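A.B. asks: All chains, please: the whole structure from these sequences, using the hints.
There are 8 protein chains.
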Amino acid sequence: MTLKVYLSGEIHTDWREQIVAGAKGLDVAFDGPVTDHAASDDCGVAILGNEPDKYWHDHKGAMVNAIRTRKGIADADVVVVRFGDKYKQWNAAFDAGMAAAMGKSLIVLQPPEHDHALKEVDAAALAVARTPDQVVQILRYVLTGALPS
Amino acid sequence: MTLKVYLSGEIHTDWREQIVAGAKGLDVAFDGPVTDHAASDDCGVAILGNEPDKYWHDHKGAMVNAIRTRKGIADADVVVVRFGDKYKQWNAAFDAGMAAAMGKSLIVLQPPEHDHALKEVDAAALAVARTPDQVVQILRYVLTGALPS
Amino acid sequence: MTLKVYLSGEIHTDWREQIVAGAKGLDVAFDGPVTDHAASDDCGVAILGNEPDKYWHDHKGAMVNAIRTRKGIADADVVVVRFGDKYKQWNAAFDAGMAAAMGKSLIVLQPPEHDHALKEVDAAALAVARTPDQVVQILRYVLTGALPS
Amino acid sequence: MTLKVYLSGEIHTDWREQIVAGAKGLDVAFDGPVTDHAASDDCGVAILGNEPDKYWHDHKGAMVNAIRTRKGIADADVVVVRFGDKYKQWNAAFDAGMAAAMGKSLIVLQPPEHDHALKEVDAAALAVARTPDQVVQILRYVLTGALPS
Amino acid sequence: MTLKVYLSGEIHTDWREQIVAGAKGLDVAFDGPVTDHAASDDCGVAILGNEPDKYWHDHKGAMVNAIRTRKGIADADVVVVRFGDKYKQWNAAFDAGMAAAMGKSLIVLQPPEHDHALKEVDAAALAVARTPDQVVQILRYVLTGALPS
Amino acid sequence: MTLKVYLSGEIHTDWREQIVAGAKGLDVAFDGPVTDHAASDDCGVAILGNEPDKYWHDHKGAMVNAIRTRKGIADADVVVVRFGDKYKQWNAAFDAGMAAAMGKSLIVLQPPEHDHALKEVDAAALAVARTPDQVVQILRYVLTGALPS
Amino acid sequence: MTLKVYLSGEIHTDWREQIVAGAKGLDVAFDGPVTDHAASDDCGVAILGNEPDKYWHDHKGAMVNAIRTRKGIADADVVVVRFGDKYKQWNAAFDAGMAAAMGKSLIVLQPPEHDHALKEVDAAALAVARTPDQVVQILRYVLTGALPS
Amino acid sequence: MTLKVYLSGEIHTDWREQIVAGAKGLDVAFDGPVTDHAASDDCGVAILGNEPDKYWHDHKGAMVNAIRTRKGIADADVVVVRFGDKYKQWNAAFDAGMAAAMGKSLIVLQPPEHDHALKEVDAAALAVARTPDQVVQILRYVLTGALPS
Chain W
13 MTLKVYLSGE
23 IHTDWREQIV
33 AGAKGLDVAF
43 DGPVTDHAAS
53 DDCGVAILGN
63 EPDKYWHDHK
73 GAMVNAIRTR
83 KGIADADVVV
93 VRFGDKYKQW
103 NAAFDAGMAA
113 AMGKSLIVLQ
123 PPEHDHALKE
133 VDAAALAVAR
143 TPDQVVQILR
153 YVLTGALPS
Chain C
13 MTLKVYLSGE
23 IHTDWREQIV
33 AGAKGLDVAF
43 DGPVTDHAAS
53 DDCGVAILGN
63 EPDKYWHDHK
73 GAMVNAIRTR
83 KGIADADVVV
93 VRFGDKYKQW
103 NAAFDAGMAA
113 AMGKSLIVLQ
123 PPEHDHALKE
133 VDAAALAVAR
143 TPDQVVQILR
153 YVLTGALPS
Chain D
13 MTLKVYLSGE
23 IHTDWREQIV
33 AGAKGLDVAF
43 DGPVTDHAAS
53 DDCGVAILGN
63 EPDKYWHDHK
73 GAMVNAIRTR
83 KGIADADVVV
93 VRFGDKYKQW
103 NAAFDAGMAA
113 AMGKSLIVLQ
123 PPEHDHALKE
133 VDAAALAVAR
143 TPDQVVQILR
153 YVLTGALPS
Chain F
13 MTLKVYLSGE
23 IHTDWREQIV
33 AGAKGLDVAF
43 DGPVTDHAAS
53 DDCGVAILGN
63 EPDKYWHDHK
73 GAMVNAIRTR
83 KGIADADVVV
93 VRFGDKYKQW
103 NAAFDAGMAA
113 AMGKSLIVLQ
123 PPEHDHALKE
133 VDAAALAVAR
143 TPDQVVQILR
153 YVLTGALPS
Chain R
13 MTLKVYLSGE
23 IHTDWREQIV
33 AGAKGLDVAF
43 DGPVTDHAAS
53 DDCGVAILGN
63 EPDKYWHDHK
73 GAMVNAIRTR
83 KGIADADVVV
93 VRFGDKYKQW
103 NAAFDAGMAA
113 AMGKSLIVLQ
123 PPEHDHALKE
133 VDAAALAVAR
143 TPDQVVQILR
153 YVLTGALPS
Chain P
13 MTLKVYLSGE
23 IHTDWREQIV
33 AGAKGLDVAF
43 DGPVTDHAAS
53 DDCGVAILGN
63 EPDKYWHDHK
73 GAMVNAIRTR
83 KGIADADVVV
93 VRFGDKYKQW
103 NAAFDAGMAA
113 AMGKSLIVLQ
123 PPEHDHALKE
133 VDAAALAVAR
143 TPDQVVQILR
153 YVLTGALPS
Chain B
13 MTLKVYLSGE
23 IHTDWREQIV
33 AGAKGLDVAF
43 DGPVTDHAAS
53 DDCGVAILGN
63 EPDKYWHDHK
73 GAMVNAIRTR
83 KGIADADVVV
93 VRFGDKYKQW
103 NAAFDAGMAA
113 AMGKSLIVLQ
123 PPEHDHALKE
133 VDAAALAVAR
143 TPDQVVQILR
153 YVLTGALPS
Chain H
13 MTLKVYLSGE
23 IHTDWREQIV
33 AGAKGLDVAF
43 DGPVTDHAAS
53 DDCGVAILGN
63 EPDKYWHDHK
73 GAMVNAIRTR
83 KGIADADVVV
93 VRFGDKYKQW
103 NAAFDAGMAA
113 AMGKSLIVLQ
123 PPEHDHALKE
133 VDAAALAVAR
143 TPDQVVQILR
153 YVLTGALPS
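So the protein lines, in turn, are chains W, C, D, F, R, P, B and H. Going by my numbering, the residue at position 111 of the first sequence is 123; the numbering climbs one at a time, nothing skipped. Going by my numbering, the residue at position 118 of the second sequence is 130; the numbering climbs one at a time, nothing skipped. Going by my numbering, the residue at position 102 of the third sequence is 114; the numbering climbs one at a time, nothing skipped. Going by my numbering, the residue at position 30 of the fourth sequence is 42; the numbering climbs one at a time, nothing skipped. Going by my numbering, the residue at position 83 of the fifth sequence is 95; the numbering climbs one at a time, nothing skipped. Going by my numbering, the residue at position 34 of the sixth sequence is 46; the numbering climbs one at a time, nothing skipped. Going by my numbering, the residue at position 138 of the seventh sequence is 150; the numbering climbs one at a time, nothing skipped. Going by my numbering, the residue at position 39 of the eighth sequence is 51; the numbering climbs one at a time, nothing skipped.
I should point out that these hints are in silico values taken from the structure, not numbers from a laboratory. Small disclaimer: the values here were computed from a predicted structure and weren't measured. Just so it is clear, CB atoms sit at the ideal spot from N, CA and C, and this is done for glycine as well.
Derived CB-CB ranges, DEER-like: (1) D:Y99 with R:E125: 35 to 43 angstroms; (2) B:H24 with P:K36: 50 to 58 angstroms; (3) F:A41 with H:Y67: 45 to 53 angstroms; (4) H:R142 with P:P64: 13 to 21 angstroms; (5) W:A86 with H:Y67: 36 to 44 angstroms; (6) R:R142 with B:D127: 26 to 34 angstroms.
Straight-line alpha carbon distances no greater than 27 angstroms define the calculated DSS-like cross-link-like pairs of lysine-lysine that follow: (7) F:K66 with F:K98; (8) H:K83 with B:K83; (9) W:K83 with F:K83; (10) W:K66 with C:K98; (11) D:K16 with D:K36; (12) B:K83 with W:K16; (13) F:K83 with F:K16; (14) B:K83 with H:K16; (15) B:K16 with B:K36; (16) C:K98 with W:K98; (17) P:K83 with P:K16.
C.D. replies: See the structure below:
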C-alpha cells in the first residue's frame, strides 16, 4: 500500500520538510502546492500577461495554481491541512472543504488556540494533530501498524 | 425553475435577511445554518450530554450542526458564502470548498479588502459580490433575465 | 426543508414509535424496514415459493427486503441506526456502513455498554444518542434551531 | 489482471495467513486492517494524546484506524469479510455495508450457525464461504479459471 | 414512499396491464417503453426522414426510443424485466444490465425454462418471479409489509 | 412522466417559441438560457461593476450566465442544441459537450449544410433534427407513443 | 496509451484468439470471462458445495463468475460484445447494458442477420463490426491512427 | 506527479509539436486525437464498410474516433483546447464541454479575436493562453514551480 498524501496550507514554516523527513522509509508519496510565495502570487501574470487591476492579477494566479492543487487533492488518499498563527488561511480551509466533500481522509494540523475556530473543519477530520511528528506517527501506524514507543 | 440557495458564513449581521427580503417574489428557496450563535455552539452538549473538555464540547456541536449544513449545501443549486470583518471564518471557507467540490454555483460575498486572502476561493466562484443587493440582482437575473435599471 | 429520516435496526421495542410521536409537528418524513418480524423473515418464500433449504429461504427473504431498505437508505438525508441489547444485529451495522459510504448523516442510538464494540460505527456518525428523545431533539434542532429548555 | 483483495473482520485467528499462504503464486494484492488488537485499540491516544473518557479514547483510535480501512476498502476489487464465533463484530458488518454500497465484490466467510443472523449481509455478497480454503479457490478460479480437482 | 417502477421487456402479452391493475391502490408510479411495436420500429424514420438502408432505419428508431427508455430506467427505483417465449429479447437483457449497473432493484419475470440462460441476469436481481401477480405481491409487501394470505 | 427539456444554442430566431407552442398539451417543462442578447452580454458588469478590459467584461457576464445554464442542463432529461447559420456558436457546442458528459439525451437541431462540421456532436446525439417541428414530434412520441400522421 | 479491452459474449468459437493474435504488437491489455463452459457452469458448486436444486446450482456459479466479469468490465476502456448464431446469449446483452451504463466504449461484433434484434444494443455502441479482423483494425486505428491499406 | 495532458482541437498547424517539444524533460504524458485529417474522416467506412450517404459516412467515422477521444479526455488531468482561425471547430468546443463537465483542468489556447465568441468556454477554463509556449510555461510551473525568467 502506497499512501498518497497532500500537504495543504501554511507555507511559511518548514512543517512539510519535517513530515517528509520523518516519513523517510515509509511508502508515502507526498504532494502539495507551490510553496514559493512570490511565484505562487505572480504565476498568472508572469505567464499569461500583466493585469493592471490587482483583483485580476490575483485571479489569474489563483486559477493557474488550481491546476496543481485540484489534481493534488483529487489524487490523494490523505490530505493534511496545516493552520498556522498568521494570515486568514482561507485557502487552507477551502482545501479542507474540498477534501471532505471528495471523501478524502483529512488530518488537521493546528495549535490548540484555534480549536474553537476550527471546530467545523475538525469535525470533518479523522485526526487533529498538534505537531508534524504526530502526523508522521499517524502515517507510520497506518502503513505499518507500529506505534511510537 | 426554482432556485435553491444556501446562505453560508458570517452570522453577526443581517445580510441573510436583506437577501431574503430583496428576493421577495422570486422563485427562490433559501436555506442556511442555525444562526443563533449560542445555540449553535452548545447544541451538542445541550442534547447529548456535557463534556468537561472544551474540545469535545465544540466537537459534539459541530457534528450536530453538520447534519443541517451538509444537507443544505448538498440540496442547493447556488451557495452564497459571506466573509465579514471579524473572526477567522474558516467554516465559511470550508463550506465554499465543499460547494466547489460538489459542483455548486458559488457566489462569494465579501469586502474588497479580503480580495487577496480570498483569491483561491474567488477563483472557484461564478460571482464575487460586494453587497447583499448584488446577490439579489444576480438571483433575479438568473431567474428572470431582468437587469437592474 | 423536509428532512427524510430512515430508522434502521432493532425491531423489538417501540423506539420508532417514540421518535415519530416526539417529532410530531416537525417537517420530517420517516421511513424504515418492515418491522413485522415474521413477515420479514418469510416474505421471500411466501411470495416466490418454498425453499426446502433454510439458507435459501432466508436468502429469498433478505433479497425482497433489500428492495425496501436500499431505497429507504438511498432516499434518506439522515439514517438513525438503533442497536439494542439482544441478537447479533449485523443488519443494523450493515445499514450503517451503507449509509456512511453514501454520505448520509448517521445517528447511532445505543446504550453505553456497547460503546467499545461500536466504536468504528460511531466514528462514522455525526451523533451518538442514548435515548429516542435525544434523536427527536436533534431533529428539532436541525430543523428549527430550538434546543431543549 | 491483478486482484486487490481486502480482508476484513475477525482478528483473533489466522484466517488471513491461511488465505495469503493459499493464494501464493496468484496475482493477488492483499490488504487489511491493523491486526494487533492492542495497537488498534490505543493508536489514537498513543499518538494524539490521552483521553480520560474511555469513549473519546476509543473514538480517537477508531478515527485513525479509519484512515487505513477506508483506503483499503476503496482500493479493493474484492472484500472478504470474516465473522467468527466471538464478540459483536459490528465493524465487520459495517465494512461489509460500505463495500456493498461501493459496488465491491463481497465474499462473506462465516460458519453456518450465523446464516440467519447474516442473511442481509449474505444477500449483498457474491459468495458465502465456510473455510479460508474456499476463499482461495474462488480467487484462483476468478484469476485462472481453474477449479479444485 | 412512492415506488417508481419501470416495466421493461416483452411487449406481446398483457403482463404490464396485469401488474398495473393488480397494484391498484398502491403508491406506485409505473413507466415503460412505447409498446406499440410498429410505432416503436418506425419512429425514427417517421419523424426524422426515410432511410433506404434497413440498418439505419432501425438505428434511428432505436435512438429515439432510447430517449424514453433511458429516462425511465434512470428515474426508477425498481426495474422489472420480463422475458417471454419468443424472439431474442436482447433489449430486455440490455435494460437489465443498465439497471444493474445503475444500482436499481431488479426483478426478473420469466418462465422456469429460461433459468439456465438467464442465470447471469438473475444473479443481479433481487427477485425472480414467475407470474405478474408475484410482482404485484412484491410491490405490495415492499410498500405495506402485507403478505398474500 | 414529465420531461425536462433544455433548449440551448442560437438565440436569434424563434425556434424556441415554435417548440414550446408545438409541445402545448404535452407534459414538458422547458428551460433555457437568457435569450436577451444585450442583457446576456452585459449582466456581469451591470450587476457587479464595470470592467475597462473587454475580456473581463465578457468573463464576468459569462460566469453569471453559467449559474443559469449549468443548472438548466444539470436538471434536464433532454438537451436540444440548435446550430444556426451565423456566428461561431461555440457555446452551443460546449453545452452539447457538457450534456453528453452528463449522460443527458441530446437532440441536435441543425441544417444539413453543417453535417460534416457537426459530426462529432451528432455522434453523441440520440437524434439530429432539421426543423423545430421534428423536435416537437420526438417529444410527443417519447411521452405518448404517438407518431405524426 | 494502453487500451484495456474486455471481450464479452459467445464462448464457442475462437473469435477471442483471432482478435488477440491480430492485435499482437499493439498496446492492448485483453481481459474476458472464463471461457471453459463446464467450469463456468459448475464453479459455484465445485467450490462452495452442491445444490440439489438446479436453480441455485446455476445461481452460485453465476455469482462467482460475476466477481471476474464485473471487474473486467469496470476496468475496461473498450468492451467488445460478440453475438453468435446459437443460444439466447442474454448474458452478452446484459454485459453490453452494464458497459453502456458505465460509459464504456462499446463495440458489437455480430452477423447482419441479427441487426434488427440487436438494434437497441447497437444504438449504444460506437461501432458494429462483422468480423474479428474489423475489431483489430479499430483497435489499431484508435491506438496508432493507421488504417487498413 | 505525472501530469496527463490531452491536446484537443485544431489539427492544421504544429501547435501540438511545439508544446510537446517545449515540455521536453517535464513529467508530462501527452495524448490527443488522430491528427491525420483524411484518416480521421474516413476511418469508419475504411474499416466497417462503405456508406452511400455522406451523413452516415461521417457518422461511422466520428463514432470510431470517439473511442479514442473519450478515453483521452477521461484519462487526462489537463485538457488543452486549441481554437484556430479556420473552420467551425465545434468538436473543439464539444471536447471543452465534456472536459468541464468531468471536472478536468481546462486550458484554452486561442487568439484574442475569438475572446467574445469563446467567453462561455473561457469561463470554464483555468487559463486562457495565446501561444503554445504559454501552455508549456503553465505545465512547467504546475510541475516544478518555476516561472519564465
